Amino acid sequence: MFDILVSMFSYSYGIRAIVVGILVALCASLLGVSLILKKYAMVGDGLSHVGFGSLAIATALNVAPLEVSLPIMIVVAFILLKISENSKIKGDSAIALISTSALAIGVVVISVTSGMNIDVYNYMFGSILAISQSDMILCIILSVIVITLFILFYNRIFAVTFDENSAKAMGVRTNYYNMLIAILTAVTIVIGMKLMGALLISGLLIFPALSSMRVFKKFKSVVISSAIISIACVFIGIYLSFAFNNLATGACIVCVNLVVFFVCWLVAFIKQKVELNKRKKQVVLENKQE
Amino acid sequence: MSLINCKNLTVAYEGKTVLSNLNFEIEKGWRVFVIGENGSGKTTLMQTMLGLKKPLEGKIIYGDGLKHNDIGYLPQQREIKKDFPASVYEVVLSGRLNKCGLFYTKKDKQAALESMAKLDILDLKNNSFKDLSGGQQQRVLLARALCATNKILMLDEPLTGLDSKTSAYLSSLLLDLNTKHEITLIIISHNFESTMNLSTHILHLNDNQVFFGTTKDYKKTTYYKLMGGK
Ligand SMILES: Nc1ncnc2c1ncn2[C@@H]1O[C@H](COP(=O)(O)OP(=O)(O)OP(=O)(O)O)[C@@H](O)[C@H]1O
Ligand SMILES: [Mg+2]
Numbered sequence: 001m002f003d004i005l006v007s008m009f010s011y012s013y014g015i016r017a018i019v020v021g022i023l024v025a026l027c028a029s030l031l032g033v034s035l036i037l038k039k040y041a042m043v044g045d046g047l048s049h050v051g052f053g054s055l056a057i058a059t060a061l062n063v064a065p066l067e068v069s070l071p072i073m074i075v076v077a078f079i080l081l082k083i084s085e086n087s088k089i090k091g092d093s094a095i096a097l098i099s100t101s102a103l104a105i106g107v108v109v110i111s112v113t114s115g116m117n118i119d120v121y122n123y124m125f126g127s128i129l130a131i132s133q134s135d136m137i138l139c140i141i142l143s144v145i146v147i148t149l150f151i152l153f154y155n156r157i158f159a160v161t162f163d164e165n166s167a168k169a170m171g172v173r174t175n176y177y178n179m180l181i182a183i184l185t186a187v188t189i190v191i192g193m194k195l196m197g198a199l200l201i202s203g204l205l206i207f208p209a210l211s212s213m214r215v216f217k218k219f220k221s222v223v224i225s226s227a228i229i230s231i232a233c234v235f236i237g238i239y240l241s242f243a244f245n246n247l248a249t250g251a252c253i254v255c256v257n258l259v260v261f262f263v264c265w266l267v268a269f270i271k272q273k274v275e276l277n278k279r280k281k282q283v284v285l286e287n288k289q290e
Numbered sequence: 291m292s293l294i295n296c297k298n299l300t301v302a303y304e305g306k307t308v309l310s311n312l313n314f315e316i317e318k319g320w321r322v323f324v325i326g327e328n329g330s331g332k333t334t335l336m337q338t339m340l341g342l343k344k345p346l347e348g349k350i351i352y353g354d355g356l357k358h359n360d361i362g363y364l365p366q367q368r369e370i371k372k373d374f375p376a377s378v379y380e381v382v383l384s385g386r387l388n389k390c391g392l393f394y395t396k397k398d399k400q401a402a403l404e405s406m407a408k409l410d411i412l413d414l415k416n417n418s419f420k421d422l423s424g425g426q427q428q429r430v431l432l433a434r435a436l437c438a439t440n441k442i443l444m445l446d447e448p449l450t451g452l453d454s455k456t457s458a459y460l461s462s463l464l465l466d467l468n469t470k471h472e473i474t475l476i477i478i479s480h481n482f483e484s485t486m487n488l489s490t491h492i493l494h495l496n497d498n499q500v501f502f503g504t505t506k507d508y509k510k511t512t513y514y515k516l517m518g519g520k
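Here the protein sequences come in this chain order: A and B. According to this note's numbering, the residues represented by the first sequence are 1 to 290, in order. According to this note's numbering, the residues represented by the second sequence are 291 to 520, in order.
Hints listed in this document are in silico derivations from the structure and should not be mistaken for laboratory results. What you were told as hints is all true, and nothing was included just to trick you.
Computed footprint of chain B on chain A; a stretch qualifies when at least three of its residues, placed anywhere within it, have a C-beta under 8 Å from a C-beta of chain B:
1. 145-158
2. 162-176
3. 210-219
Please read all numbers here as calculations on a predicted model, not as lab measurements. Idealized CB from N, CA, C, for every residue including glycine.
Make the full structure from the sequences, and use the hints.
In structure tokens:
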């Protein structure tokens, strides 16, 4: 196992994958908590599919995929957010419409131009080999921006997530912060897409936050623990992907997350049972004393 | 100039008019109670006064130097996410958001602790909000509203779900805040008795404005008798 780790770090693409992975994991987990609690998980999912579409088109046109996707994704984030805010039930299907269309367009564009090749597979399910030097630099810059903005506006993001109406009543411009969350999500998806794959990156947004919410009960602890869980899972996932001959990286990472989610669920379940038993025993004791 | 002036206000949801042609002015230091049947539009009115909902016609004018970030607001219970992972302290502190820059200062933290002390929930400080009982959650949200303001509190059914001891305590706390600290109160309530005891003014709604005036005058009306007053 140690050998594999050493050899992973001896390749420059291995190091790039780890750097990008950790940064994306951090961004995704911070945003994931708000996305879930605001019931925006669908927005994240829709965004990632649109990301695939724009990657495909950029590749076909032979222009820098990430740099082209970024502005497109930010615009789409804006649109998806407006849709999901306007009419609740129709919003869901409208997002599904957009996300499947983007996926279909992406597949068609690629098939027509370069054919369904290994690139497509990588864009869908992720690869540790896919990250170039310039991708990594872009990722570092953008993730520093995402993390800084999240920390600066942490208190406002909390208020907008917990009770949007009251925050608005207090004069907080809630739509700005909703927009901020959506745009940061779009940016995170762009920088994580090559490593995680467009179809799987929403797992990175959702899973760590869901896992830590099983166990932790404070907003701050949920945010911090989901960041730790997310980074650990990405690290293990990349390791597995490397160890098993470049197995789809996004898939590995999501599977590791699934295991962690199950463990967290189990921990919460046992904790609950133990507390229940304690209470029962107390009641018995009190009855005896009487 | 009055603190809040409501002029020819009409509010609707997707074409369905809920409130029509309301006219009233609220002065500093008043204790205004809003009453009316379920669905008569009390919550809608409060949300319009807070700027959460746009009126169809007419307007709400803030006067006397009142600004949006001067208001402490307690939403009606069903509007709160009951399963949100947050500690009591985190929730209460978020009431200081309108007073602080990007981060909470010592003063904000102090204010949050003080208002928690007033509502007797200091011992719940590190508890998880979602594990509290309904009445405890109500007190946490009241503490949040309280530390947000020293001018005006808008409370949507603050006494609902509280036991009689807590609700009596809260009533006297509200009276105290109003008389000693000059905090204006606008309160929606279904508790007729405490309404009559605490209010200086009554706004009775029923699709439109049935009555607005002093509590003394309200007691002379037929509505008062219909509501069960003696
Ligand atoms: N979001 C909404 N969309 C459409 N109609 C709504 C909405 N919220 C409230 N209404 C309608 O507006 C009317 C007034 O509702 P509101 O919540 O203001 O009543 P209320 O006086 O606060 O009642 P309660 O005493 O039950 O709290 C009701 O008929 C309700 O059906
Ligand atoms: Mg109501």
